[in-house]
Amino acid sequence: MEAIMLKTLKKPLAAALLGGSLLAAASAQAATITVAIAANFTKAAEEIGAAWEAKSGHDVRFSFGPSGKLLAQIQNGAPFDAYFSADTDRPELLVEAGDARDFFVYARGQLALFSLDLPVDERAEAILADGDFRYLAAANPKAAPYGLAAQQVLEKRGLYQRYRDAGKIATGESITQTFQFVTTGNAQLGFVALSQLRDPESPVAGKGHTWMPPAEDYDPIEQGAVALTRSEHPEVVDDFLTFVRGDAGAAIIAKYGYDTP
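Note that the working numbering has the sequence shown beginning at -12, numbered continuously upward.
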């Protein structure tokens, strides 16, 4: 099972240049918040976090993982300050329970079929229909919205149950694990997030073949975020969420292959 990743971004180097009393004052006022982030948004979140830290002087730590597992951790008391899901249902549940506030859609994801070797950019429909491959990777549809979208694309073509019965679907616990299945060649093709292919540090940057399923073939992947009411730094959380919704945050989100509201 894929481990939840916890990352801490480093404070800007400029802070090290502050002199004595200024440094002490900045340290006293700085706060650290911890944000639970859907795995598909990893690279965008890291870049947003670095930009916000440079602007605000605060720190942000990210816990990356499947949206469903992160929600379970929150419901079991995990000390997160905000939650960025890969869907809207889960954060809305937290709002309804009184555990969260300030719900908004921060990004709309795009599903992509990727293969290192198979020409899905030219023959996706035929390749899917033929099924002449050992494994097709897709995220768990119960835990990851991108997995549900992949299931819907296959069901529209009458292929999902056929592939399941044949043992051809390699199920990743998150979209991150699914991406690893495809990029390592353990699966010959797979449904991933377009954002993973847009990442300039992606191991498959400039490689392979990509097909974008028609948007009407799957439910919109609207990704919602909330501030958690248990946070001890609500003003800092609000500042971070405002940054995400601002022009600088939107530019980073678009850069990684998402539509923005």
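No lab work stands behind these hints: they were computed from the structure. Careful, some of the hints might be misleading.
What the hints assert, rightly or not - Pairs of lysine-lysine residues, derived as DSS-like cross-links and limited to a Cα-Cα distance of at most 25 Å, are as follows:
1. K143 to K129
2. K242 to K42
3. K30 to K56
4. K155 to K129
5. K242 to K194
6. K30 to K129
7. K242 to K30
8. K194 to K155
9. K42 to K143
10. K155 to K143
11. K155 to K30
12. K42 to K30
Against the structure, test the hints numbered earlier, and report the numbers of the ones violated in rising order.
Violated hints: 9, 11; rest satisfied.
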